[in-house]
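Chemist: These protein sequence lines are chains Z and H, in that order.
Okay, so the first sequence: first residue is 144 according to the numbering used here, each after it adds one.
Okay, so the second sequence: first residue is 130 according to the numbering used here, each after it adds one.
Among the hints, erroneous ones may be present.
Pairwise CB distance ranges (calculated) [claimed, not checked]:
#1 V238(Z) <-> H182(H): 28 to 38 Å
#2 L187(H) <-> E537(Z): 22 to 32 Å
#3 V168(H) <-> G342(Z): 23 to 33 Å
#4 H182(H) <-> T665(Z): 38 to 48 Å
Anything over 12 Å on all C-beta distances counts as not near chain H; from chain Z, calculated [what the hints assert, rightly or not]:
#5 Q150
#6 T164
#7 P170
#8 L253
#9 A274
#10 E281
#11 R300
#12 N301
#13 V553
#14 P577
#15 N609
#16 T615
#17 R662
The hints are simulated quantities; they were obtained by calculation from the structure and are not laboratory data.
Glycine included, C-beta positions come from ideal geometry on N, C-alpha and C.
Single-letter residue listing:
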Amino acid sequence: MAPSKTQFGYRRHPDQDRVATNAAEHPVVVVGAGPVGLSLAIDLAQRGQSVVLLDDADRIGEGSRAICFSKRSLEYWDRLGVGQRMVDKGVVWSVGKIFHGDSKLYQFNLLPEQGHKRPAFINLQQFYAEAYLVDRVEQLPAIDLRWRNKVVGLEARNDHVALTIDTPDGPYRLHAGFVIACDGARSSLRQMVGAEFTGQVFEDQFLIADVRMTAEFPTERWFWFDPPFHAGRSALLHKQPDDIWRIDLQLSRFADPAVEKQPENVRPRIARMLGHDKFDFEWISLYKFQCRRMDRFIHGRVIFAGDAAHQVSPFGARGANSGLEDAENLAWKLDRVLRKASPQALLDSYHIERSAAADENIRESTRSTDFMAPNSHQEARLRKAVLSLAKETEFGKRMINAGRLSTPSVYETPLSTADDEAWRGGPRPGASLPDAPIAAASGEAMYLTEAFIKSGTRFTLLEFGNGAAADTPEGVATVRIGGEGGFADSEGLAGVRYDAEPGTAYLLRPDGYVAARFRHPTRPALDAALARAAGQN
Amino acid sequence: MTLSTASNFAKPDDAFRAVVEAHRGLSDEASADLDAALVLILANHIGDIAVLHEAIALAKRRMVDASQQQQQQQ
Numbered sequence: 144m145a146p147s148k149t150q151f152g153y154r155r156h157p158d159q160d161r162v163a164t165n166a167a168e169h170p171v172v173v174v175g176a177g178p179v180g181l182s183l184a185i186d187l188a189q190r191g192q193s194v195v196l197l198d199d200a201d202r203i204g205e206g207s208r209a210i211c212f213s214k215r216s217l218e219y220w221d222r223l224g225v226g227q228r229m230v231d232k233g234v235v236w237s238v239g240k241i242f243h244g245d246s247k248l249y250q251f252n253l254l255p256e257q258g259h260k261r262p263a264f265i266n267l268q269q270f271y272a273e274a275y276l277v278d279r280v281e282q283l284p285a286i287d288l289r290w291r292n293k294v295v296g297l298e299a300r301n302d303h304v305a306l307t308i309d310t311p312d313g314p315y316r317l318h319a320g321f322v323i324a325c326d327g328a329r330s331s332l333r334q335m336v337g338a339e340f341t342g343q344v345f346e347d348q349f350l351i352a353d354v355r356m357t358a359e360f361p362t363e364r365w366f367w368f369d370p371p372f373h374a375g376r377s378a379l380l381h382k383q384p385d386d387i388w389r390i391d392l393q394l395s396r397f398a399d400p401a402v403e404k405q406p407e408n409v410r411p412r413i414a415r416m417l418g419h420d421k422f423d424f425e426w427i428s429l430y431k432f433q434c435r436r437m438d439r440f441i442h443g444r445v446i447f448a449g450d451a452a453h454q455v456s457p458f459g460a461r462g463a464n465s466g467l468e469d470a471e472n473l474a475w476k477l478d479r480v481l482r483k484a485s486p487q488a489l490l491d492s493y494h495i496e497r498s499a500a501a502d503e504n505i506r507e508s509t510r511s512t513d514f515m516a517p518n519s520h521q522e523a524r525l526r527k528a529v530l531s532l533a534k535e536t537e538f539g540k541r542m543i544n545a546g547r548l549s550t551p552s553v554y555e556t557p558l559s560t561a562d563d564e565a566w567r568g569g570p571r572p573g574a575s576l577p578d579a580p581i582a583a584a585s586g587e588a589m590y591l592t593e594a595f596i597k598s599g600t601r602f603t604l605l606e607f608g609n610g611a612a613a614d615t616p617e618g619v620a621t622v623r624i625g626g627e628g629g630f631a632d633s634e635g636l637a638g639v640r641y642d643a644e645p646g647t648a649y650l651l652r653p654d655g656y657v658a659a660r661f662r663h664p665t666r667p668a669l670d671a672a673l674a675r676a677a678g679q680n
Numbered sequence: 130m131t132l133s134t135a136s137n138f139a140k141p142d143d144a145f146r147a148v149v150e151a152h153r154g155l156s157d158e159a160s161a162d163l164d165a166a167l168v169l170i171l172a173n174h175i176g177d178i179a180v181l182h183e184a185i186a187l188a189k190r191r192m193v194d195a196s197q198q199q200q201q202q203q
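Generate coordinates for the entire structure from the input sequences, incorporating the hints supplied.
Modeler: And the structure:
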C-alpha cells in the first residue's frame, strides 16, 4: 500500500453555507481526530451511524508520542479493519528486562503462552497509527472528516448540543445529538462544559528522545535503575519501526527544560548510554507527569474519552490504550441509544466502567512513577531494599515497578449478570474475551477473536456444543465450538481458557466483554442477561 | 487470617535480641536500610495483605499514642 498521507486539506462543507438559525443537524459529532476519535468514528460508522469528525489541525501530529499498543488495542483495531496493517508495520514484542547498575535483575514475558492472534504489544509511532486510521476513515462514506474545524462554542440544549465551529472561511453553527470529546489532555471542550480536571502533578522531569540508528539491541523493553551511563536516575530503551529507538531519561526535578532540550546537551547523555554517537535525533521532548481525571465522563450530551477524560504517566502504556478501550466501550452503547434499541441510561455504564478503569490506570501508573522517583528518603530506602533483594529473591524481582503494562480492566458493572454456578476458570462477567485458536468447519485455522468479528461484533453467544444449539434471543449471534457445524477446538485451548464443559455458554457484549455465563443456558436466563447488558431494566 | 498478637516465640528474648544484634555497630542510616529490607522480607513471608494492613495500623497506633502522650506532658 502507498505511504499514507499526513497532510490534509481544509474543504468547505455545505453546512457552512447555512444561516445560524438553520444549522445542520447531525446525530454524532466526534471532536479530535487522534487515535481515539478516529477509532470511535470508524466503530460507529461500521455500526451504521453517520459521524461528523472535526479536527482543529490539518495534519497528523509530529513526533512518536504514544508508541506501545496493547493486545487489546490490536484486537479492537482488527474489528475496525486496521489491525493487520498496524502489526505489519509495528515492532512486535513481549519481553521486558530490568537492569540495576550494569547487571540484569529481572526479565518478564507479557504473553508467555501460544494460541493468540495478537502479540502482547507492538511498538508503532502514533503518527503511523493515525495515518492508517485516516486511510480507513476515507473508505467509509458515513464519516465526514473535516480538517481545520475548531470548536469554539458549545451550548447544551435539552435535545441537542449547539456547536460553533471556526474554520479558515469563518465560523458556522452545527447541531449535534451527541458530542464526543476526544480532543486530548488540553481538551477545550472540557473547559467549555466547565469540568474540573484534578489530580496529581509529579515534579520529576523526563526527557524523551527518539533517535535514528542501526543497532543490534533485541526488540525488548529495557529499563535501567541507576545505570552507569545515567547515575542515580532511570532510563528506558525501546525499539520502534524504521530504525527509530525511544529513549527515556529521568532528569532532576530542578533541571531547566529549555537547556536540557538542546540537542547538544541531549547528545552526550545518549552517547554515554549507547556507547557511540552514530545516531540522529528524530524528536526530543521534555515532560512532567500528570495523573488526573474528570469526575464525570458524561456531561449531558457531551461525552469525554481518552486523554480529554483522563491522563496518566507514560510508564505502562496506559494512555492511548485506555483511550482506545474508551472508544470500544462507548461505540456500541451510543449506537444502540441512537437506534433507540436501548435507553439513554445505557450510556451511564460507560462512565461507571471507564472511570473505574481510569482510576485503576492512575493507581498503577502513580505507583510506577513513585517507584522510579521516590518522594522521600524512606521511599528511596525501600526502593533500594527491593532492588538489592531482587538480586537473590523472586519476591524482590516481582516488587520492582518499572511500569506495569496495560491490560484490559475487569468491569464491576450493572450490565453484568453475576455467576450463579461454579467456575474454576474462564473470564468472569465484566472481563474481556480471551483469544484461542480454533478451526472452521472447512478445517481452516483461525482465532476466536476472528469468529467474533465474523459474527458481526454484536451481542454474541459463545457456546460449547452439547447437542442442539441453544435457543438464543433475536439479534444475538452465535459462535459455536464443537458439535455439528461448529468450530473445532483444534488445540483444546478454547475449552481450557473458558473452563468449558458441554453446554457452557458465554454471552458476549458487542465490545467483546463477558456479560454473563452459564453451564446450561435457558432462554429466560439469556433474555434476562441480554436485557441487563443492554441497559433495558 | 488476622494479625496474631499473641506471643508466638518460645523464647521472645531470643527474637528481640536477634533484631538488636543485627543493628549493633550500624550507623542510623545503615540501620534504616536494614529495617527496610527486613520489613519487606517479613511482609512477603506473611503473604497476606490484610494482615500487613493490620500490622501497619498497629504500628502506627503506637506512634499516635506516643505523640499524644508527648503533647499531654507539654
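Chemist: Among the hints numbered above, which are violated by the structure, and what are their numbers in rising order?
Modeler: Those not satisfied: there are none.
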